[in-house]
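Asker: Letter by letter, the chains look like this.
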Amino acid sequence: MQVLYGRHHVRVFRFGLRLVRNEQVAEDLISEVFLDVWRQAGKFEGRSAVSTWLLAITRFKALSALRRRKDVELDDEAANAIEDTSDDPEVAAQKKDTSQALRKCLTALSPDHREIVDLVYYHEKSVEEVAEIVGIPENTVKTRLFYARKKLAELLKAAGVERGWP
Amino acid sequence: MMAMSKKMLEQEPSEIEMLLPWHAAGTLNARDARRVEEALARDPELARQYAVIREEYAETIGLNESLGAPSARAMAKLFAAIDGEPVRNPSAWQNFSAGIAEFFAKLSPRTLAWSAGLGAFLLLLQAGVIGAVLVKNQTVAPFQTASLSTNEPITRALGPEAPPRALVRFAPEARVADITALLDSYQASIVDGAKGGMFRLQFGDKPMTKDEIAGLMSKLQHEKIVNLAVATP
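Heads up: the protein sequence lines correspond to chains U and W, in order. First residue of the first sequence: 1, per our numbering; consecutive thereafter. First residue of the second sequence: 1, per our numbering; consecutive thereafter.
Rather than coming from a laboratory, the hints here were simulated on the basis of the structure. Accuracy of the hints is not assured; some may be wrong.
[Stated by the list, open to error] With the C-beta cut set under 10 Å, the calculated list includes, among others, these residues of chain U facing chain W:
{"#": "1", "residue": "HIS9"}
{"#": "2", "residue": "VAL12"}
{"#": "3", "residue": "ARG14"}
{"#": "4", "residue": "VAL117"}
{"#": "5", "residue": "ASN139"}
{"#": "6", "residue": "ARG149"}
{"#": "7", "residue": "TRP165"}
[What the hints assert, rightly or not] Derived DEER-like restraints, expressed as beta-carbon distance ranges:
{"#": "8", "chain 1": "U", "residue 1": "GLY46", "chain 2": "W", "residue 2": "ASP83", "range": "26 to 36 Å"}
{"#": "9", "chain 1": "U", "residue 1": "VAL3", "chain 2": "W", "residue 2": "VAL129", "range": "53 to 63 Å"}
{"#": "10", "chain 1": "U", "residue 1": "LEU4", "chain 2": "W", "residue 2": "VAL129", "range": "56 to 66 Å"}
{"#": "11", "chain 1": "W", "residue 1": "GLU45", "chain 2": "U", "residue 2": "PHE44", "range": "35 to 45 Å"}
{"#": "12", "chain 1": "U", "residue 1": "SER48", "chain 2": "W", "residue 2": "GLU15", "range": "21 to 31 Å"}
{"#": "13", "chain 1": "W", "residue 1": "ALA120", "chain 2": "U", "residue 2": "ARG39", "range": "39 to 49 Å"}
[As the list claims (entries may be wrong)] Derived contacts from chain U toward chain W, CB cut-off under 10 Å, selection only:
{"#": "14", "residue": "GLN2"}
{"#": "15", "residue": "VAL10"}
{"#": "16", "residue": "PHE13"}
{"#": "17", "residue": "ALA26"}
{"#": "18", "residue": "ASP28"}
{"#": "19", "residue": "LEU35"}
{"#": "20", "residue": "ARG39"}
{"#": "21", "residue": "THR98"}
{"#": "22", "residue": "LEU102"}
{"#": "23", "residue": "LYS125"}
{"#": "24", "residue": "VAL127"}
{"#": "25", "residue": "GLU129"}
{"#": "26", "residue": "LYS150"}
{"#": "27", "residue": "ALA153"}
Note that the structure is predicted; figures quoted are calculated from it, not measured. Glycine included, each C-beta is placed from N, C-alpha and C at the ideal position.
Sequences and hints are given; from them, build the entire structure.
Answerer: Structure representation (structure tokens):
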């Protein structure tokens with residue numbers, strides 16, 4: 001368990017944190033995730049990578065935690081309205097720092113869009129693995145990421161950043 | 001340019017276009033990666049979009065890496081929770097085995113001895129019944145042997161009804177055609193190869209009397225291409 005924890009806890013924490021947006025909750029989350037893994041180790045069938053299994057459990061736990069927190073809702077507007085003490089996308093863009101603006105806009109995406117962007121770009125999951133983690137068809141995975149990218153482009157454009165696409 | 005981009009945005013994305021993020025992350029299979037590479041090489045608009053995706057890819061990694069790591073509190077909490085867990089429940093099979101072991105453990109030695117004796121007696125009784133049934137129903141089962149014949153399979157009964165057989169040595173000058181003609185005329189077939197120059201032949205598929213067999217051997221001995229013919233069981 002220590003080896004498994006040592007190898008995966010940081011990525012599990014980051015994935016959870018991007019979903020619940022609260023470090024305290026994300027830390028509680030990883031304890032719950034690995035405790036579940038310890039309890040259900042026999043159920044792991046080895047058909048997918050351990051990291052895929054862990055991320056699927058993390059996602060389930062994160063959504064449960066979000067449901068428990070009545071002050072947090074899952075729709076786009078609520079996600080975008082979550083307080084962020086740093087600059088908003090427009091301010092970052094005004095600084096002419098595209099990189100900074102991109103990060104702010106990535107943070108401002110809806111939970112569904114954030115999750116799929118993170119799974120593909122950061123966690124380097126294939127179409128099939130994302131489908132398994134999120135529990136949606138593979139074609140939906142592809143279209144959801146496309147529309148997440150479109151939304152990101154819109155946010156950047158609103159912040160005055162033109163990147164040549166779309 | 002803007003008009004074209006808007007048009008593109010309104011259209012449903014192509015399959016290749018949707019695969020670009022996975023190509024940037026290097027998680028496409030070889031076939032899809034090749035398809036994307038080819039499309040990028042011939043479509044500048046797609047290549048421009050891919051450059052944007054690579055930027056998104058890099059920034060997503062940067063953003064996630066900037067999130068840091070959990071504190072030691074998370075690990076301490078996890079292992080404290082594991083320590084507090086009850087001893088794991090055994091599997092269903094282990095429960096089943098344990099149940100059987102517990103049942104026998106409850107029996108006294110005397111009861112166990114009587115049970116074992118009774119079990120052994122029942123086994124012997126069962127074996128006796130099965131043996132008696134088998135002996136009663138036993139019939140002479142024919143079995144098939146190897147043969148050079150390509151027609152009907154040669155069968156040999158284990159009982160007295162077996163067709164006659166003989167060891168035959170053919171003359172050195174005998175040709176294959178002669179031997180084949182002889183076999184046909186006697187309705188014989190070779191059932192064993194030439195061991196020491198002798199072939200084992202079987203004649204027909206019906207049993208013969210001793211006299212009939214003797215007559216058959218005598219006739220066979222007088223064949224030009226036969227040097228020796230000896231009846232065998």
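Asker: Which earlier hints can't be squared with this structure?
Answerer: none
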